[in-house]
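Protein chains: 2
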Amino acid sequence: MDRDALVARHADLIEKAIAAVETRIAWSPFKDSPSTKIHGPDKPVAGKAAFENQLGKPFDLDQPGVVDRVGAEVSPYTQKPLGITYPRCSPDTVIAAAEDAWPAWREADPELRLALCVEMAERLYDANFEMAQAVMHVAGQSYTQSFSGSGPNALDRGIEALAYAAKAIRDVARTGRYERLFGAERVALDKTYSLVPRGIGLVICCASFPTWNAYPAMFASLATGNPVIVKPHPIAILPMAIVVRECRKVLMDYGFDANLITLAADTLEEPVAQVLVDHPAIQIIDFTGSPRYGGHLERTVTGKLLFTETAGVNTVVVHSVADLEDTARAIARASSLFSAQMCTSPQVIYVAPALTEAFGQALVRQIDAIADDPAQAAGIMGAIQGEVSLKAVADVRRAIEGRDGVQVLREAAPYDHPQFPDARTLTPLVIASKGSAADLYAEEHFGPVLFVVSMDGDEAVKEATTLAKTRGSISSYMYSTDEDFIARSAPLYEMAGANLTINLTGAMWINFAAAYSDYHVTGLNPAGNACLADLAFVASRFRIVQRRRPGA
Amino acid sequence: MDRDALVARHADLIEKAIAAVETRIAWSPFKDSPSTKIHGPDKPVAGKAAFENQLGKPFDLDQPGVVDRVGAEVSPYTQKPLGITYPRCSPDTVIAAAEDAWPAWREADPELRLALCVEMAERLYDANFEMAQAVMHVAGQSYTQSFSGSGPNALDRGIEALAYAAKAIRDVARTGRYERLFGAERVALDKTYSLVPRGIGLVICCASFPTWNAYPAMFASLATGNPVIVKPHPIAILPMAIVVRECRKVLMDYGFDANLITLAADTLEEPVAQVLVDHPAIQIIDFTGSPRYGGHLERTVTGKLLFTETAGVNTVVVHSVADLEDTARAIARASSLFSAQMCTSPQVIYVAPALTEAFGQALVRQIDAIADDPAQAAGIMGAIQGEVSLKAVADVRRAIEGRDGVQVLREAAPYDHPQFPDARTLTPLVIASKGSAADLYAEEHFGPVLFVVSMDGDEAVKEATTLAKTRGSISSYMYSTDEDFIARSAPLYEMAGANLTINLTGAMWINFAAAYSDYHVTGLNPAGNACLADLAFVASRFRIVQRRRPGA
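The listed protein sequences derive, respectively, from chains A and B. When you read off a place in the first sequence, starting at 1, and then add 6, the result is the number in our numbering. When you read off a place in the second sequence, starting at 1, and then add 6, the result is the number in our numbering.
Bound conformation, chain A alone (with noise of 0.2 Å):
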């Protein structure tokens, strides 16, 4: 196909993502409801289509170095195995054929790798119905999130990226002729500079999101001039495959070799993950997941560029509320969204003593309003992707048990999801503490749990932020209607490196986050040491390598 025609046809794309980078307003090439007035009747129906053909059966991915095949996924919502196998590949060949598929690349224009990456973008948007299956039966997000989270709102954050892959590159002149005098003598040199990429990129997924950080990475790299190698996490391999099938074919649809990107799949019996970091050709990686192995990487590599995203505790400051009920849906909400497995997902909510008991039985009703309403409580909660999170929110529970100044405002049940009965469901656990408790809540616990804590609002601000800053925050939420306690709290959060959304109720859910506007993680605290994104996402993911001559 027309390599020009490409770069041509998404020119306008890439200036609009720049310019909203560079304004932060809210744009998206793409729409994020699912709805048939949009996509019309027939797309839905196909991605369902290829979704259920696909079950039970080998996933077609031509890659070199098939040792075996794989595949252990199991649905959150039929809790059945999905029976779908993927391709086990050697380390070695996947990135031998890396290497011997790289010189084209590097060599390629970077305005056209940058338009091969929003031509994969704009592939997996037209395949997102079906991505929207896969998420939902690996991940549990409800089919409207699975759409849009992991849909357009993920290809925005990758969009995003290009954009300012986009900016570092072109910041770069290619040329240059420099004229000087040395002594009487006047020295004319042309001058010329590459752009370097500086090696293979690995993107770790994690399991319950898997392609909202993947994106920003795959296409930050790619479009720098690095391969990619997409090491998925075994519970949630299908979403990632299919990001890697759609992106091989793009690839070879303008001459390039698929290789470029692989995936590669492991089993958590016999993990890839460290052979691949430990690996002198992969120069760059890109971490989302378990705080624990994101700390062992950030510990541990060296010589190597790291991107992470962990956890943290989210935490909500109630000081004072224009309106308690308008407050604690918004939070209610926020907390029951993917059943509080996100990474924006509050944990701690503190209230100032005043209103505790009243914020408590709001925040109750409100969930209660979701988890009792079937077609609610399935679009917002979704399914809990794993047994580890029923067990982390019974650990809590086991915990507390006899604890003065502990109480169960809301005990955790499952719901009956409407249309899968054997859906893995539970709504949110939530435990009133008077004053800190911080044992009980300072760690993440990766599951629906919920603690109303009675604090003061200045001391609940220390708290938060003292959190914040030794366990890592991804999003702090604060309510008051007091500009001065504002005022004064908010260089807290600043200087604990956390992001605030300050009196947000109403429709938006308040842990959205918004490519081209929101910046996601500040490296600034043990959340993870990388931003989506900005600058510095991009700038170190090539290098520049010059050469000069005497000119005319």
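Everything labelled a hint here was simulated from the structure, so no lab data went into it. Watch out, some of these pointers could steer you wrong.
[Unchecked claim] Pair ranges (Cβ atoms, derived):
1. A375(A) - G261(B): 48 to 58 Å
2. T308(B) - E275(A): 24 to 34 Å
3. P64(A) - A558(B): 49 to 59 Å
4. E331(A) - T29(B): 52 to 62 Å
5. G301(A) - R305(B): 12 to 22 Å
6. R403(B) - R9(A): 53 to 63 Å
Here the structure is a predicted model, which means the values were calculated and not measured. Beta carbons: idealized from backbone N, C-alpha and C, even for Gly.
Place chain B on chain A using the hints.
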């Protein structure tokens, strides 16, 4: 003094610097000649007097936490101690002082920080005749090189880093307005984005050319809001003490705490670098110096930003020449400059077998032309900084004794310095080798040693680029009249991350790297991981923290 006036005064310089890095032209706000025609008759005299007046006295630097005074510098020109002592300060106290000073700096308008760094550069330019004396008498550079290379050329690298800092800082919108429909509800959010500096920057300086790498590191960290601690090499403290003195004055003049920049003087016996590197408050480390300690840092530092420039083995490939004598002269001059104690000095010269004998003779002739003319020798070769470099040359001389296929073309010998009869000098040892004898020349010998290796062009390029990839290279050189040869060779240098100068002869030093136009160090080979200067050098020195709330 008036901060707004300062910002206004330096705005144009910053714009011009940004234009220069974007177009890579020859530009400088400074004059790099010490000529009295430019500077008048008084400044050189005053600078020399300031230096001489400092000899034998405590250097006045009002820093906190002084434990004792240290200083054991010896002039390579007189081989006598300078007798200057510097405060040795408790690392914890200096760090605490930086942290105390930090809030006002962090919160200052970044444009003011940029302007203050320009002001520092201008004050240092103003003190440059004193600096030239200081650099001469600790490092051994010639007077003119001390003035230019350690003065304006180094300040230009600092301003260049400032230009990139300005670009990265200005790239971040400070406010944004986000509006979109969520369902039927129009949500409007006002967002603010704060630049939050990462933490204290530690600048570890090399002994032979301290200011050149220190300025960009200092200015990049300061401009992005980080305090700086300067750790000079114990044998070359004075230049950096002058730098810290001038920068502290500028800070105080404009109402900031001087402890935003401090000097961490130490001794060879009790080095302080690692204590600082390991301190959690130090978040950015800029290192220039030996591959040994640099490599240690590269292998061990995690969770902090680390920028390194160490060293490598720079090569010249002489494949074919338009004018043998011009070529030999260009290489002889580069190899004689500062007696090859530069990170850009060539060490290995591969010459096509047919040319080897004639080239060797011409090279010796050209070196002799410098060495035998005391004024030229003094102006180009300067002095040998330390006994270690005499030993390096003696070791090589001993190692080749009785070795087959190896021949001494020119013996190293002192030259008589016209002003300083006791100067430690040494003209280059030139060794000829038939075919590869890589065990002899593949290690950096930090002193005036040159190897002329008879080797076919393509083979030579292969070996030169392999050396670059495995041992590091900062500057590589090539001479050829064959465009096909150049075309097929250049990509190999690119892949090795080796900046290449082709067919350069004449008045410009072939190893001169011009700020704004020449990138210095690619980060793609063991010579260092940081480039002077690019966006990657600055973009991670600050992070972005956001705040959002519903707007009207």
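Hint by hint, here is what the structure shows:
The supplied range of 48 to 58 Å is met by A375(A) and G261(B), whose beta-carbon atoms lie about 56 Å from each other. Between T308(B) and E275(A) the beta carbons are some 29 Å apart, a value that agrees with the proposed interval 24 to 34 Å. Separated by about 57 Å at the C-beta atoms, P64(A) and A558(B) satisfy the suggested range of 49 to 59 Å. The beta-carbon spacing between E331(A) and T29(B), approximately 60 Å, falls within the hinted interval of 52 to 62 Å.
Our hint of 12 to 22 Å for G301(A) and R305(B) holds, since their Cβ atoms are close to 19 Å apart. Taking the beta carbon of each, R403(B) and R9(A) are about 58 Å apart, inside 53 to 63 Å as hinted.
Violated hints: none; the structure is consistent with every hint.
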